[in-house]
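Build the full structure now, drawing on both the sequences and the hints.
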Amino acid sequence: MSTDKVVGLLFFLCTSFTVLAQDDLMKMLDEETSKDAKPDYTTATFKSTRLINGQSVENVAGGVLDFRISHRFGYINSGAYELWGLDNATTRIGLDYGLSNRWMIGVGRSTYLKQYDGFTKFKLLRQSSGSKTIPLTVSAVASMIYKSVHFDDPTRENYYTSNMLYAFQLLLARKFSEGVSFQLMPTMVHVNLAPGTSPNDLYSIGVGGRIKISKRVSINAEYYYQLPGFKWENTFNSVAFGVDIETGGHVFQLQFTNSTGMTEPTFINQTTGDFWNGDIHFGFNISRVFTIKDPRKK
Amino acid sequence: MKKVLLSLIICVLYLQASAQANYMTRNGQISFFSKTSMENIDAVNNEVTSIINTGTGEIVYAVLVKSFRFEKALMEEHFNENYMESDKFPKSTFSGKLTNLSAIDFKKNGSYPATVEGDMTIHGIKQHVTASGTIVVNGNKISITSTFSIKLADYKIEVPSLVAEKIAESIEVKVNCQYEPKS
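So the protein sequences, as listed, match chains W and H. Each residue of the first sequence is one higher than the one before, starting from 39 at the first, in our numbering. Each residue of the second sequence is one higher than the one before, starting from -1 at the first, in our numbering.
Mixed in with the good hints there might be a few duds.
[Said to hold, decoys possible] Below, a list of computed lysine-lysine pairs in the DSS-like style, where the Cα atoms sit at most 30 Å apart:
no., chain 1, residue 1, chain 2, residue 2
1, H, K64, W, K76
2, W, K43, W, K170
3, H, K149, W, K43
4, W, K76, H, K0
5, H, K124, H, K70
By construction, these hints were calculated from the structure, which means they are not laboratory data. Please read all numbers here as calculations on a predicted model, not as lab measurements.
As structure tokens, then:
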């Protein structure tokens, strides 16, 4: 082989190598970025921090204030004289705030039983894929309620602690796909004063879910099953069907439910309406968020 | 024999040069602005990855859509959920070439106007685009800045009429990346 040929071959090899290297700059970038891949946390399992009556695994983001008005009209089966329930209403006005992206607190006042309530919700686990796979989002909720309504029997010795109620919930949710999410809610409610010989600790389990019918509208359902032996007399399990509509900074939730109360002990354990008998409230929740702290500024 | 040796040396130098010709960043910045009379929206992404080959003028960008940060958490959620559909289209990319490579001397410090042409993929839609910017060479560091605008309709990003007044049809995009030689 002549030296010229060797030189030529060398040059050819050199240049072809570099051409190969340049060909796949995008592939190179992909390889580089896959090295520092981070877990991809699932977002927007539900549209709102409330599924319908109860809590969802969603939180308001850190530094965000959420002003909520929840409203339930009277029973639909109350007849034309009551304009099928529209003449009556109970309301809860609440303020929620995100201390961080995983921890939120909230307070509220309900007209029903003149309740004051406060709660805190913390995300223990976040569903994620990618470099870390977690199948579920798990949140813990604790709430405290004070009924300021006058005692049924003012003649006997009453303690203000008798009007305290507590609820503890674990929320286990999974977003199965873009449009389908489910949630399980094991719940324990403690009431300081129970009627008759009824238990003070009440266990129940809730199930709920949503199906998105468009990018901004979803259909939700929620049901709480009171475990046998932990159900007060003349109460029914809470049933609710709803629609979430999202418009910019607002979320509107419209629902049909047999529950009058909007705090856990009142809607889970003290629902007196029979959904299947037409004791149904039409209602809505309106949520408006205000950003108090810009998340990009430390 | 001298010839072979010389050519070998040239080859090695050439290979080395082409190996060093790749410059990379992992924390480049891309921000965008939507200005309307109703609302201004801006978001910034500080985790942009990009490689530029100074030998061929090829340049590629990859942007994780979920890494854009907004002033309001709900905006970020809606951006990912409703507009960009980030679960379906997690990445936006650009793959192109400098069209005035000969006018840029990557070995000499200075500021050079640059134009680039290539394919931009956003929301799963690929468009052929051109943009201009500035390349600053400082020792073995390269910085690239560019401002251009994109039309949401070109990438089939739908804005419902209810919020159409709050989101501009044309979005201004700013790129600011500092590159270092890729090892």
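Status of each hint after checking the structure:
Between the alpha carbons of K64/H and K76/W the distance comes to roughly 11 Å, so the proposed pair stays at or under 30 Å and holds. Annotation: proposed proximity of K43/W to K170/W is violated, straight-line Cα distance about 55 Å (limit 30 Å). Between the alpha carbons of K149/H and K43/W the distance comes to roughly 54 Å, so the proposed pair goes past 30 Å and is violated. For the suggested pair K76/W and K0/H, the alpha carbons sit about 53 Å apart, so the restraint of at most 30 Å is broken.
Between K124/H and K70/H the CA atoms are separated by roughly 29 Å; this keeps the pair inside 30 Å, and the hint holds.
Checked against the numbered hints above, the structure breaks hints 2, 3 and 4 and satisfies the rest.
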